[in-house]
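**Q** So you can see what is in the structure, the chains are spelled out below.
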Amino acid sequence: MLSVFELVKLYATSGHDTVGGGVRGISFDIKEGEFFTLLGPSGCGKTTALRSVAGLEDPSAGRIAIDGRAVFDQSNGVNLPASERGIGMVFQSYAVWPHMTVGQNVAFPLEMDKRRRLSKREIAKRVDSILNTVGLEQFSSRSAHQLSGGQQQRLSLARALASEPKLLLLDEPLSNLDALLRDQMRIELRRLQKVTGVATLYVTHDQSEALAMSDRIAIMRNGVIEQVGNPSKIYHAPVNRFVASFIGRMNIYDTQSAASNNEGLRAMTSVGEILASSRGSSTMPPSAVAIRPEHVVLSRSAEGPLENQFSGTVDAAVFCGEITEYQIRLQSGAVVSARRPSLDPIPVNADVTARFPAEHVIQLR
Amino acid sequence: MRAVERLVALPLQSFLFVCTVPMLVILVWTSFHLVGADGSYNEFSGRNYAALATAPDFYTALLNAVVYSLGSAFVAITIGAAQAWLAERSNAPCRQVLYISSIVSLGVPYVLYIVAWILFLGKNGPFNTWLRQIFGGTGVYVDVYSMGGMIFVEGMLWAPLAFLLLSSVFRNADASYEEAAAVCGAGIPTTMRRVTLGMAKPALFALGLLVFVRAAESFEVPALVGLPGYVTVLTTSIFKKVQHTVPPDVGSAAAFACILLLLMAVLLKLYGRMSAEAHKYRTITGKGFRPRIVRLGKWRPVAGIFVLIVPCITVVIPVLVLLWTALLPFYQQVSIKAFSAISLQNFRLVLESGVYYDTMLNSLILSAAVATAVVSVTSIMGWGIARRIAGSRSIDFLAAVPLAFPALVMGFAFLQIYLHILPWLYGSLLSLVLVASIAFIPYGIRYSQIGVIQIHPELEEAASLAGAGHWTIFRRIILPLLAPALISCWLFVFLLAARAMSLLLLLVGPDSPVVAVALFDLWNNGQLNELAALGCIWTAIMTMFSATFYWVARRFQLPFT
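Protein sequences, first through last, are from chains G and D. Residue numbers for the first sequence, in our numbering: 1 to 365. Residue numbers for the second sequence, in our numbering: 1001 to 1561.
To be clear, the hints were calculated from the coordinates, so they are not data collected in a lab. All C-beta atoms, glycine included, are put in the ideal place defined by N, C-alpha and C. A few of these clues could be false.
[To be verified] Label pairs and their calculated CB-CB ranges: (1) P41(G) x A1547(D): 23 to 31 Å; (2) V1302(D) x R142(G): 53 to 61 Å; (3) G1297(D) x P41(G): 34 to 42 Å; (4) I1365(D) x T101(G): 31 to 39 Å; (5) S143(G) x A1055(D): 43 to 51 Å; (6) W1471(D) x I187(G): 55 to 63 Å; (7) L1197(D) x E294(G): 20 to 28 Å.
[As the list claims (entries may be wrong)] One-sided excerpt, in silico: chain D residues whose CB lies under 10 Å from chain G: (8) V1097; (9) Y1099; (10) M1199; (11) A1341; (12) P1513.
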């Protein structure tokens, strides 16, 4: 549905620009009906990429095609203006026009639709139905600036979806909402996307949003894509140190040397020798191995010298409700974070052993 | 805290009461009395109003005022909005010229500006001469002494102000509203019409109403352009009754003034509502806020011509006409023969004459005194209103009273006060300082109020917790932070006072000449060349002040209107 190839957009003033550092040759494809997220810290170029797709920025190089039609192609000078790309977009500030009513806001893209030339009655019908979908049907004749933040958000989405675009762009749409509303809208947004089946490009810096909503996620840093994959893959099999530490919590240990055999990989680290049974993502020896805190198994009695088992003491225990987080200082001096259910808590300063199940040890590039 | 607030509020309330209420009372009082030839009040009567209701010239004046004000507002807003959009949101060439010309025009006294236009568009002025050369004939193609001429000159007077105000509207508009329209499939013309203009509409209407009010109470253009063409509006009717009628028809003038005052009060109230309406469109903005520049493409040269023509009309032509007039011994057409007569004789006359020197000195003293008085009084009032202390609403209300007074009407009211209550003040420079200070209190308050709003109350609270008393907080925390606002307020009031003509016209005496009124008198006496020379010198001095003012205001993000 959307194909972005070797897209480049660099800004002359590097350093203190507000837009971000630009993008340096990124490629990705979005399939029909897919929810695709660009995730990364601020300044990683995700918004620049989205605005380039929308036609609001002029890229320096590359190719963008929507539904098989090239909308930007630097090699043969194609650059369609935003108004002719046939997309829907939700802005971070919603950009709900305050001088129009809710209904007029939604009707605007339909009035602009030159291909279909809808009659007034058809437009009114379509407005009603889309407002119904987002639950704003009773606000149709209300002035748009009287709406609350969450309602403006819905209106913005309704407007973006009104002309049934092939592609929907969402630019950090939830960042202006308070926490509770954000959780509701996250579910609502995903539901609407599923119902309409529109291919969606979503930009956010919030990893939990990305994990909860996306079919696939592209992690970006400094204008390049670090990894693309479904949420589970991104979470469980990060390819490098940046992705591993950006998504969720992770214990990462540098490997000093490593050797492979049929069991898996044996890596020498500051903690000791760690065995990783899962296959690495590349044939190169990993620069580090890592394990998620929830995969570290803590026990108060040592069970003999088993593989990947290290003894230490509890430095700190933080009660977080259903789980408790522990900070363990190992005998080697290294620190391990571990999480386990809050039943049967372990006191601070208690001696424990931490086991890293070999199947959960991740190899990082 | 409340006790302290009352301690601050009470003197302020009484002070404002003494400043504003007497002029209102004396006006109403006068309007309900028959006034004798010697100015004494005779019997109480409603006859002044009854006479107005049956006089046809009252309705003509009213209708003329409405047409004239509407026309001026339309001209000013159309030109100002087009300039502002080009300057802020397009890539038109030479955009900076617009700002420079607006600053210069803020420093030119109205009278001078109007005189330049009359000379340029007059029967024998260059404009009609050119038209005769192009189209042949000997007739007058453009008659400046007409309703059309009044609307054009007044509209051009307000265009720079409209431009400066609207450029901030366009500058602060979030581009994502327009981007959203583009994504929805709207091209640039549709986006402009439906979104840019649509969103600016409340601001445009509010500003249009403001120019309407200012035009309705204006006196300079109606007097200089309208009276010779027998087009009378409400302010010139009052002036004629006081100055051109023997004996002065004071009672009837007061009745006229009261009606005009009522009209102004209603319109200003409406304006207050409309500008509040314009502000409600401010919504959440994303962190990626940036204004969007529209690329004009093939229209860029056309826009460039427009950008250059308007400053030509508002600044270059008037200044050139004045310079030309100032350099000649008597006024004549631009010609080779006239060039040989050019000399600095008029400038020498103005600079060497003790009268003009005193007049300019007087104007500078008056303006500085008024600015200082207004700033010192309003800094405390502005703080009180912004922090909503007890009694702040009545302070706010009383301080706004002078706004409703057209300058000429206020001068007229104070003429009555000086004649009947304070005769020893009449004709002195101090009397002018007093009137002008009261007239410009509202502007001072607006500045200090905006200045205080920019200071977070927690800064004061922190000082309070550190052990500072109220006076120490005001002196050590508020005043230093408020300084930029107060400096630009001082300069703004200085410029207003230096320009004030109709406010002081009825009040100046032989010992207290001021430049703006002197220019008006020179025009009426036909001393054109001296007028032009004095005007050129004065404009140069004032432009230095207005440039400083603009720089300060822009530097500290304060309003410059």
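**Q** Each hint: holds or not?
**A** Structure-based check of all given hints:
1. P41(G) x A1547(D): 23 to 31 Å: Given about 45 Å between the Cβ atoms, the range is violated.
2. V1302(D) x R142(G): 53 to 61 Å: violated, 41 Å
3. G1297(D) x P41(G): 34 to 42 Å: holds, 37 Å
4. I1365(D) x T101(G): 31 to 39 Å: The hint (31 to 39 Å, Cβ to Cβ) is violated, given that I1365(D) and T101(G) are roughly 57 Å apart.
5. S143(G) x A1055(D): 43 to 51 Å: Because 46 Å falls inside the window, the suggested range holds.
6. W1471(D) x I187(G): 55 to 63 Å: For I187(G) against W1471(D), whose Cβ atoms are near 57 Å apart, the range 55 to 63 Å holds.
7. L1197(D) x E294(G): 20 to 28 Å: At 57 Å between Cβs, range violated.
8. V1097: Since chain G brings no Cβ nearer than about 26 Å to V1097(D), farther than 10 Å, the hint is violated.
9. Y1099: Constraint on Y1099(D) not satisfied, violated at 24 Å.
10. M1199: Hint on M1199(D): holds, closest Cβ of chain G at ~5 Å, below 10 Å.
11. A1341: violated, 57 Å
12. P1513: violated, 51 Å
Comparing the model with each earlier hint shows violations of hints 1, 2, 4, 7, 8, 9, 11, 12; every other hint is respected.
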